[in-house]
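Protein chains: 6
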Amino acid sequence: MKVSARNVLKGTVKAIVPGAVNAEVIIEVAPGVEIVSIITKSSAESLQLAEGKEVYAVVKSSDVMVAVDEHD
Amino acid sequence: MKVSARNVLKGTVKAIVPGAVNAEVIIEVAPGVEIVSIITKSSAESLQLAEGKEVYAVVKSSDVMVAVDEHD
Amino acid sequence: MKVSARNVLKGTVKAIVPGAVNAEVIIEVAPGVEIVSIITKSSAESLQLAEGKEVYAVVKSSDVMVAVDEHD
Amino acid sequence: MKVSARNVLKGTVKAIVPGAVNAEVIIEVAPGVEIVSIITKSSAESLQLAEGKEVYAVVKSSDVMVAVDEHD
Amino acid sequence: MKVSARNVLKGTVKAIVPGAVNAEVIIEVAPGVEIVSIITKSSAESLQLAEGKEVYAVVKSSDVMVAVDEHD
Amino acid sequence: MKVSARNVLKGTVKAIVPGAVNAEVIIEVAPGVEIVSIITKSSAESLQLAEGKEVYAVVKSSDVMVAVDEHD
Numbered sequence: 391m392k393v394s395a396r397n398v399l400k401g402t403v404k405a406i407v408p409g410a411v412n413a414e415v416i417i418e419v420a421p422g423v424e425i426v427s428i429i430t431k432s433s434a435e436s437l438q439l440a441e442g443k444e445v446y447a448v449v450k451s452s453d454v455m456v457a458v459d460e461h462d
Numbered sequence: 391m392k393v394s395a396r397n398v399l400k401g402t403v404k405a406i407v408p409g410a411v412n413a414e415v416i417i418e419v420a421p422g423v424e425i426v427s428i429i430t431k432s433s434a435e436s437l438q439l440a441e442g443k444e445v446y447a448v449v450k451s452s453d454v455m456v457a458v459d460e461h462d
Numbered sequence: 391m392k393v394s395a396r397n398v399l400k401g402t403v404k405a406i407v408p409g410a411v412n413a414e415v416i417i418e419v420a421p422g423v424e425i426v427s428i429i430t431k432s433s434a435e436s437l438q439l440a441e442g443k444e445v446y447a448v449v450k451s452s453d454v455m456v457a458v459d460e461h462d
Numbered sequence: 391m392k393v394s395a396r397n398v399l400k401g402t403v404k405a406i407v408p409g410a411v412n413a414e415v416i417i418e419v420a421p422g423v424e425i426v427s428i429i430t431k432s433s434a435e436s437l438q439l440a441e442g443k444e445v446y447a448v449v450k451s452s453d454v455m456v457a458v459d460e461h462d
Numbered sequence: 391m392k393v394s395a396r397n398v399l400k401g402t403v404k405a406i407v408p409g410a411v412n413a414e415v416i417i418e419v420a421p422g423v424e425i426v427s428i429i430t431k432s433s434a435e436s437l438q439l440a441e442g443k444e445v446y447a448v449v450k451s452s453d454v455m456v457a458v459d460e461h462d
Numbered sequence: 391m392k393v394s395a396r397n398v399l400k401g402t403v404k405a406i407v408p409g410a411v412n413a414e415v416i417i418e419v420a421p422g423v424e425i426v427s428i429i430t431k432s433s434a435e436s437l438q439l440a441e442g443k444e445v446y447a448v449v450k451s452s453d454v455m456v457a458v459d460e461h462d
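Residue numbers (our numbering), protein chains in the order written: chain G, 391 to 462; chain B, 391 to 462; chain L, 391 to 462; chain C, 391 to 462; chain F, 391 to 462; chain U, 391 to 462.
What the hints contain is simulated information worked out from the structure, not anything from laboratory work.
No experiment lies behind these values; they were computed from the predicted model shown.
Each hint should be verified, as a subset may be incorrect.
[Unchecked claim] Far from chain B by the CB rule (all over 10 Å, computed), these chain G residues: (1) LYS404; (2) ALA405; (3) PRO408; (4) ALA410; (5) VAL411; (6) LYS431; (7) SER432; (8) GLU441; (9) GLY442.
[Unchecked claim] A few chain F residues facing chain B, derived, Cβ under 7 Å: (10) ALA440; (11) SER452; (12) MET455; (13) VAL458.
[What the hints assert, rightly or not] When the alpha-carbon atoms are kept at most 27 Å apart in a straight line, the in silico BS3-like pairs for lysine-lysine are as follows: (14) B/LYS400 x U/LYS400; (15) B/LYS392 x G/LYS392; (16) U/LYS392 x F/LYS392; (17) C/LYS404 x C/LYS431; (18) U/LYS392 x B/LYS400; (19) B/LYS431 x G/LYS404; (20) L/LYS431 x B/LYS431; (21) C/LYS431 x F/LYS443; (22) C/LYS392 x C/LYS431; (23) L/LYS404 x C/LYS431.
We treat Cβ as the ideally placed atom computed from N, Cα and C, and that holds for glycine.
Kindly generate the complete structure, drawing on both the sequences and the hints.
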């Protein structure tokens, strides 16, 4: 399946922190660059996520804000 | 200002593609790793965005999906 | 690719309404049940969308609100 | 109340799965076509949701992604 | 219709700025407190929005971030 | 840091309701006008949120829907 989201970043699962309903998934997309995702636990299980697994972080471009340092 | 969004990725503006109302901002967060953001043109101007400027890509963790290759 | 989004609804493209930057895609997921999506034009082209094509409408469960009639 | 969201799909509550803070609501919008929503438990109670109740699944068009099978 | 979104703020349309596909709607929810919304032009027309009209700004609680001043 | 989100509303924390993973933060942005935010508990701690603290409610304009009363 190919999705319309503009950001599909390849990475590796660094850690999974399970909650009651949701799971926090930490994905390393480059050395030292991590992206945190929160998905439902049932999704995490359905995708068979585990530490070290190759995954993609998928983000719609309209969900990315831009910020600058204020002294700029 | 410090925001509650979990993902605040430092990067550099690679390109800005202006539209009628929105602007597409391409941010390099690591060598070869780019994130595309769509914000309003008035926001891009207010932040004085320009190629080469240091910025942050800000994404809520609940806006990050995870995907895996299907043959996995 | 398999995504963590809970809603992946199979359907058929009924119409594509192109704008300057975005395209409106109308997807029929059941007889008489249509879902409208707005994606960037470049995404629509990259997915080679066309009327009659089989596609999926993908929506995160946290992006679905519930409403009831007020006299209920 | 009438909302600006483009997708207002009539359906029936098939199941409600309560969590600690959130509730998962499964809505059938056509025979065999279900949409999963996650809302806060307090919202679910305020709307008096129950199995069999007629509801609407409300989704902004910018929150709908499109996907295609990769061999297409 | 009653929606599951937690934030339903009563206000008055201060201005409508039409674009090609979208419209920017500025809503005053308290004296001096304005909220900007971007919706499709067809939604704005369907809701018959006009300056001075009483409306509601509707926002899901998961779409509200919190920020603090950094010297705090 | 200055963000591209159009809505940055100054307010005061009225209450914090902690859950297992998330926290509900109620922000008063004007007398009698409250905005509810759900963020992760770790974000709430990192921002050192507490009742009475001055904060900002940050919302992207594309996350604000507009609604009208139906008899309008």
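Hint by hint, here is what the structure shows:
Listed as a non-interface residue, G/LYS404 keeps its Cβ farther than 10 Å from every Cβ of chain B; the least gap is roughly 12 Å. The beta carbon of G/ALA405 is kept farther than 10 Å from every beta carbon of chain B, the shortest such distance being approximately 13 Å. Even its closest Cβ contact with chain B, about 14 Å, leaves G/PRO408 beyond 10 Å, as expected for a residue assigned away from the interface. Distance to chain B confirms G/ALA410 as a non-interface residue, since its nearest Cβ pair spans about 15 Å, more than 10 Å.
Once the 10 Å rule is applied to beta carbons, G/VAL411 is consistent with being away from chain B; the minimum gap is 12 Å. With a minimum CB-CB distance of about 12 Å to chain B, G/LYS431 clears the 10 Å threshold, and the non-interface call stands. The non-interface label for G/SER432 is consistent with chain B: the shortest C-beta to C-beta separation is roughly 13 Å, beyond 10 Å. With a cut of 10 Å on Cβ distances, G/GLU441 stays outside the contact zone with chain B, its closest approach being about 13 Å.
Every CB of chain B is more than 10 Å from the CB of G/GLY442 (nearest about 12 Å), matching its label as outside the interface. Given hint, F/ALA440 at the interface with chain B, is violated; its Cβ is 20 Å from that chain's nearest Cβ, farther than 7 Å. Hint on F/SER452 holds. Least Cβ distance to chain B is approximately 6 Å, under the 7 Å limit. Residue-level restraint check for F/MET455 holds (minimum Cβ-Cβ distance to chain B is 5 Å; threshold 7 Å).
A hinted interface residue such as F/VAL458 counts as satisfied when its beta carbon comes closer than 7 Å to some beta carbon of chain B; here the least separation is about 6 Å, so the hint holds. Restraint check for B/LYS400 and U/LYS400: satisfied, since their Cα atoms lie roughly 26 Å apart, inside the 27 Å limit. Note on B/LYS392 and G/LYS392: the hinted pairing is violated, with a Cα-Cα distance of about 35 Å set against a maximum of 27 Å. Between U/LYS392 and F/LYS392, the direct Cα distance comes to roughly 35 Å. Violation of the 27 Å bound is thereby established for this hinted pair.
Annotation: proposed proximity of C/LYS404 to C/LYS431 holds, straight-line Cα distance about 17 Å (limit 27 Å). As the CA atoms of U/LYS392 and B/LYS400 are separated by approximately 13 Å, the hinted pair is consistent with the 27 Å bound. Among the hinted pairs, B/LYS431 with G/LYS404 is inconsistent with the structure: their alpha-carbon atoms are about 36 Å apart, more than 27 Å. Between the alpha carbons of L/LYS431 and B/LYS431 the distance comes to roughly 18 Å, so the proposed pair stays at or under 27 Å and holds.
With a CA separation close to 32 Å, the supplied pair C/LYS431 and F/LYS443 exceeds the 27 Å bound. With a C-alpha separation of about 23 Å, the suggested pair C/LYS392 and C/LYS431 falls inside the 27 Å cut-off, and the hint holds. Note on L/LYS404 and C/LYS431: the hinted pairing is violated, with a Cα-Cα distance of about 36 Å set against a maximum of 27 Å.
Taken one by one, the earlier hints fail for this structure at numbers 10, 15, 16, 19, 21, 23, listed in ascending order.
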